[in-house]
Amino acid sequence: MAGSRSSKGARTLSQKYFVCPEIYQRETQRIFDRQWICIGRTSEIEKPGQYFLYESDGRSLIVVRGQDEKLRCLFNVCRHRGTRLCDTEAGQFDHKIQCPYHAWSYKLDGNLAAAPNMADVDGFELADYPLHEAPCAIWEGFIFINHAQSPPPFQEVYKPISNRFKDWALADLVSAQRITYEVAANWKVIFQNYSECYHCPFVHPQLSPLSSYTSSSNDFEAGPFLGGPMILNEEHQSLSMDGKRCAAVLPGVGQKDARRVYFYTLFPSLFISPHPDYVMTHRIERLGIDQTRITCDLLFHPDAIKEPNFDPGPAIEFWDMTNRQDWKICEQTHRGITSDGYQPGPYSNLESVLVAFDENYLTVMNGQLNSE
Amino acid sequence: MAGSRSSKGARTLSQKYFVCPEIYQRETQRIFDRQWICIGRTSEIEKPGQYFLYESDGRSLIVVRGQDEKLRCLFNVCRHRGTRLCDTEAGQFDHKIQCPYHAWSYKLDGNLAAAPNMADVDGFELADYPLHEAPCAIWEGFIFINHAQSPPPFQEVYKPISNRFKDWALADLVSAQRITYEVAANWKVIFQNYSECYHCPFVHPQLSPLSSYTSSSNDFEAGPFLGGPMILNEEHQSLSMDGKRCAAVLPGVGQKDARRVYFYTLFPSLFISPHPDYVMTHRIERLGIDQTRITCDLLFHPDAIKEPNFDPGPAIEFWDMTNRQDWKICEQTHRGITSDGYQPGPYSNLESVLVAFDENYLTVMNGQLNSE
Amino acid sequence: MAGSRSSKGARTLSQKYFVCPEIYQRETQRIFDRQWICIGRTSEIEKPGQYFLYESDGRSLIVVRGQDEKLRCLFNVCRHRGTRLCDTEAGQFDHKIQCPYHAWSYKLDGNLAAAPNMADVDGFELADYPLHEAPCAIWEGFIFINHAQSPPPFQEVYKPISNRFKDWALADLVSAQRITYEVAANWKVIFQNYSECYHCPFVHPQLSPLSSYTSSSNDFEAGPFLGGPMILNEEHQSLSMDGKRCAAVLPGVGQKDARRVYFYTLFPSLFISPHPDYVMTHRIERLGIDQTRITCDLLFHPDAIKEPNFDPGPAIEFWDMTNRQDWKICEQTHRGITSDGYQPGPYSNLESVLVAFDENYLTVMNGQLNSE
Chain Z
8 MAGSRSSKGA RTLSQKYFVC PEIYQRETQR IFDRQWICIG RTSEIEKPGQ YFLYESDGRS
68 LIVVRGQDEK LRCLFNVCRH RGTRLCDTEA GQFDHKIQCP YHAWSYKLDG NLAAAPNMAD
128 VDGFELADYP LHEAPCAIWE GFIFINHAQS PPPFQEVYKP ISNRFKDWAL ADLVSAQRIT
188 YEVAANWKVI FQNYSECYHC PFVHPQLSPL SSYTSSSNDF EAGPFLGGPM ILNEEHQSLS
248 MDGKRCAAVL PGVGQKDARR VYFYTLFPSL FISPHPDYVM THRIERLGID QTRITCDLLF
308 HPDAIKEPNF DPGPAIEFWD MTNRQDWKIC EQTHRGITSD GYQPGPYSNL ESVLVAFDEN
368 YLTVMNGQLN SE
Chain P
8 MAGSRSSKGA RTLSQKYFVC PEIYQRETQR IFDRQWICIG RTSEIEKPGQ YFLYESDGRS
68 LIVVRGQDEK LRCLFNVCRH RGTRLCDTEA GQFDHKIQCP YHAWSYKLDG NLAAAPNMAD
128 VDGFELADYP LHEAPCAIWE GFIFINHAQS PPPFQEVYKP ISNRFKDWAL ADLVSAQRIT
188 YEVAANWKVI FQNYSECYHC PFVHPQLSPL SSYTSSSNDF EAGPFLGGPM ILNEEHQSLS
248 MDGKRCAAVL PGVGQKDARR VYFYTLFPSL FISPHPDYVM THRIERLGID QTRITCDLLF
308 HPDAIKEPNF DPGPAIEFWD MTNRQDWKIC EQTHRGITSD GYQPGPYSNL ESVLVAFDEN
368 YLTVMNGQLN SE
Chain S
8 MAGSRSSKGA RTLSQKYFVC PEIYQRETQR IFDRQWICIG RTSEIEKPGQ YFLYESDGRS
68 LIVVRGQDEK LRCLFNVCRH RGTRLCDTEA GQFDHKIQCP YHAWSYKLDG NLAAAPNMAD
128 VDGFELADYP LHEAPCAIWE GFIFINHAQS PPPFQEVYKP ISNRFKDWAL ADLVSAQRIT
188 YEVAANWKVI FQNYSECYHC PFVHPQLSPL SSYTSSSNDF EAGPFLGGPM ILNEEHQSLS
248 MDGKRCAAVL PGVGQKDARR VYFYTLFPSL FISPHPDYVM THRIERLGID QTRITCDLLF
308 HPDAIKEPNF DPGPAIEFWD MTNRQDWKIC EQTHRGITSD GYQPGPYSNL ESVLVAFDEN
368 YLTVMNGQLN SE
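Protein chains in written order, with this note's numbering: chain Z, 8 to 379; chain P, 8 to 379; chain S, 8 to 379.
Think of the hints as simulated: they come from the structure by calculation, not from any bench. Since the structure is predicted, the reported quantities are computational estimates derived from the model, not experimental observations. Mixed in with the good hints, there may be bad ones.
As the list claims (entries may be wrong) - Pairs of lysine-lysine residues, derived as BS3-like cross-links and limited to a Cα-Cα distance of at most 25 Å, are as follows:
| # | chain 1 | residue 1 | chain 2 | residue 2 |
| --- | --- | --- | --- | --- |
| 1 | P | 77 | P | 166 |
| 2 | Z | 23 | Z | 77 |
| 3 | P | 103 | S | 335 |
| 4 | Z | 173 | Z | 114 |
| 5 | Z | 335 | S | 103 |
| 6 | Z | 251 | Z | 313 |
| 7 | S | 103 | S | 173 |
| 8 | S | 15 | S | 77 |
| 9 | Z | 103 | P | 335 |
As the list claims (entries may be wrong) - Over the 10 Å line for every Cβ pair with chain P, so calculated as not near, a few chain S residues:
| # | residue |
| --- | --- |
| 10 | 140 |
| 11 | 188 |
| 12 | 298 |
| 13 | 317 |
| 14 | 318 |
| 15 | 354 |
All C-beta atoms in this analysis are idealised placements derived from N, C-alpha and C, irrespective of residue type, glycine included.
Isolated chain Z (complex conformation) (with noise of 0.2 Å):
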């Protein structure tokens, strides 16, 4: 199946994209800024009220569910003298979010409930001071947000993916643990890795045995969505530290996926990867030119997490040690594409896949604006 991709004899980015900050500052108006952006799973605020903070590139956003259970991502930043609203990275607000400066108070929804000793001010009328607010939406559990004036719907974007994961229920799934890692090297090299297995067998020796690099195959090869399965060795029922599954196969998943672990990239900011028991995501931020923080979780059914023996202890162990060799060897890829002497190289046919990344990059990058 490796036999079928090929380079097309290209070659790296070049160095620019990974150490110019004018290039960082196209990255924000060009993709950080204009696209959908995955912040967190909804079920993270579950209740009215419930709240995480979203900081990114001078950013921070209260990501709140409302009394009308609707998610909102409302800018961290009192309408008064612009005083952070919130200091706490998570938790529950009672009714209202309060500034503790001088106690102007807001609703879950955004809009400004009370203003101490304003009333006498000409012209100040409460409804023209809400928070501001962030498009937000929700898909397979995820929420993304979109920093555009006028941002491309959602469903539209998202369109060639959309029902990709239904067998695998990904919205009703439940993490069973979040590993957070900050990682010293471009985002772009974290999806590059992730897009091959060309490095499979040095770099992850306790990989290799359970499924070859030589299986993987791909079926979206070209624009924002990447990626595709590869096949389990016979002896093998899942990726885990002794190969076994750590639940029942999903209920939706049918017997050749049940066989198969899919390796998907979502540019700019999602990978996820279905396993016939679990699906593994990575939600990927950019902290900066050379450093990445990457959020994983390990996505199980509800009914098996309820399970009195459930155990997701092998397939934690064994992708927190594969996570870290791919933390390794992009951070010493990183200093190497970011000092003197790197200059683009060839590609293998088995990183077609880091290709086709490219060019979705350099066409993002560099293409025409709608709004342009």
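Go by the hints and put chains P and S onto chain Z.
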């Protein structure tokens, strides 16, 4: 009294004044390199040869009392190879300041007294190499420095407020306690916080019972000097943990002022807050665009300090607690102002002094200069 | 002898040479990317496969001895995806350098020996992807590197000083002790400090009794190589804690030199200081505009080191103490030069070598380039 004040429909400063490096540099040129800046108290260097170092914006100055009792601000840079002459924060010179590198020696008035091995250099004259000196001024026991080439006369600039503190005999008072704070907020946020008591009920639960925020008024309402009194609630004598005075009412303070606490801000580096029994001062140093050092003194009458049972503890504890409450909310406000989503908000009428501060600040930043 | 030297009325360098990023970059272009830079001793990599990493200015190089015994400086960047090949500071390769990511393998001469999964890529040839290499030169046991596209021949550049050290048989000497220092001062401050003994009576009270600063003279007085001898006081044999030698006078050293210590600076990266019984070397690395790394070796004759009672301690202790005295005053000088109030000062006649250093430096920085 609050009713007489008006915010005149003004809004808070725009974000650039808290984030732009160009604004920061303009502040250096327009404010910190041109205006009189408070750098300490004369009582810190009472004897000839006593000194302290004043460091700011890449400058190091030796503030020293000469044999002639005069205070001078000498640049801490040897005229030979540029070596920093003195590395110890404060101390006592023994008649001369000697460079540790090649032993060039300066008198306490900055004149070069000796330079070994320089006699045979053609044209070398000791008289040509005094330490550089910056103009300084003394007022009410405070030392001020000015970095302008031709600074405006101190007496002229300070005329509006120069006699305001004679009842408290400020020059004679002695610090019973100095506490230094470093706050992660722009210096203007510190000034603005000190200029209103609208926040007192929410931020200072221990202050509100002693003096109501509605009792405040202003006797300086425009220009570089701003502020006015708050009236102590009937059952209280001063601001302290128990609302009692820590010393007798200061000798020159009359009946009316024995029931008042005044809060004055002196742009751009000093707060003076007379209480019936002591005067609190805050010296404000801009350390960076988002970092401010604040040196707080509680000045008592020397006779009070000599009393066997003198205990300034209740005042010190009260203000340390209250200061820390302020710095915390200032930091939270700075973080909000400098994040995405901030836009200027409406001032209440209780914040009329902030409007005046902003007006004075913008005039200094944008107005014409005499020398331009 | 001091009387014959003259500062010619020169003054110290202006501040920009110690603070401006543009000057720093110009130094990179004119000096550190163009001139021969000392990076270590050949004795550090004696056997085939032995290597150390040389890191500077965003570069990483593998300095390695090949199977053919030849030393090479190979860029530590895989030609495939740019991964840093080697992360360990020094060690021994086993015939090849293998990338940990996808197992591309290079011979010790830099040629690509194997690249898995690349055979089916159209037009891919191993021969097209050797590791990049930088020119290097060997002299007196030192390894030099050059980053220019067409570097000037080492032998030509070093001709004036190439035979100066033959009496000490410098190439044969072995380090008895290496100490590395990081100093918060510009590299030029370090050179300038080493170029005069005017400071010795004040900074080095333990050195002055061994050799008077008035005994110094210069046999190199212009150009990139500067310096000369100091004469040992009659009752002392060498520079050490007790003024005694730690070993016999070196075999080739004559009667005159047995009473002398020489101090030479080799622009822009090396000091060589022959003593009767040992040679001290300082390798100077510019780490930043205000940061310098200094690697100091005390080189003794291999026969001396083999002596059962050999004890270099008194020399090591003496120079570690003296070096630290120097770095401290260099840091204090750097802080002064880079602060407000610094302006160029007059050199004494004892500082004629600093005048020569500045002249050579300015010529290199401002002069015409062959390739321009």
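Results of checking the hints against the structure:
1. In summary, the hint linking residue 77 of chain P to residue 166 of chain P is supported, as the alpha carbons are separated by about 23 Å, within the 25 Å threshold.
2. At roughly 42 Å between alpha-carbon atoms, residue 23 of chain Z and residue 77 of chain Z are farther apart than 25 Å, so this suggested pair is violated.
3. Restraint check for residue 103 of chain P and residue 335 of chain S: the C-alpha separation of about 22 Å stays at or below 25 Å, so the hint holds.
4. Proximity of residue 173 of chain Z to residue 114 of chain Z is assessed by CA-CA distance (about 35 Å); at most 25 Å being required, the pair is judged violated.
5. Using a Cα cut-off of 25 Å, the hinted pair residue 335 of chain Z and residue 103 of chain S holds, with the two alpha carbons roughly 22 Å apart.
6. A hinted pair counts as satisfied when its Cα atoms are at most 25 Å apart, and residue 251 of chain Z with residue 313 of chain Z qualifies at roughly 19 Å.
7. Straight-line distance between C-alpha atoms of residue 103 of chain S and residue 173 of chain S comes to about 36 Å, which puts the hinted pair past the 25 Å bound.
8. Pair hint residue 15 of chain S plus residue 77 of chain S does not hold up; C-alpha atoms about 47 Å apart against a cutoff of 25 Å.
9. At most 25 Å may separate the alpha-carbon atoms for a hinted pair to count; residue 103 of chain Z and residue 335 of chain P meet this at roughly 22 Å.
10. Distance to chain P confirms residue 140 of chain S as a non-interface residue, since its nearest Cβ pair spans about 41 Å, more than 10 Å.
11. No beta-carbon of chain P is positioned within 10 Å of the beta-carbon of residue 188 of chain S; the least distance is around 18 Å.
12. Non-interface status of residue 298 of chain S relative to chain P is upheld: no Cβ of that chain comes within 10 Å, the nearest being about 17 Å off.
13. Listed as outside the interface, residue 317 of chain S is consistent with that label: its C-beta sits roughly 36 Å from the nearest C-beta of chain P, beyond the 10 Å cut-off.
14. Its beta-carbon lying about 33 Å from the closest one in chain P, residue 318 of chain S satisfies the requirement of being farther than 10 Å from that chain.
15. For residue 354 of chain S, the condition that its CB be more than 10 Å from all CB atoms of chain P is violated, with the nearest at approximately 8 Å.
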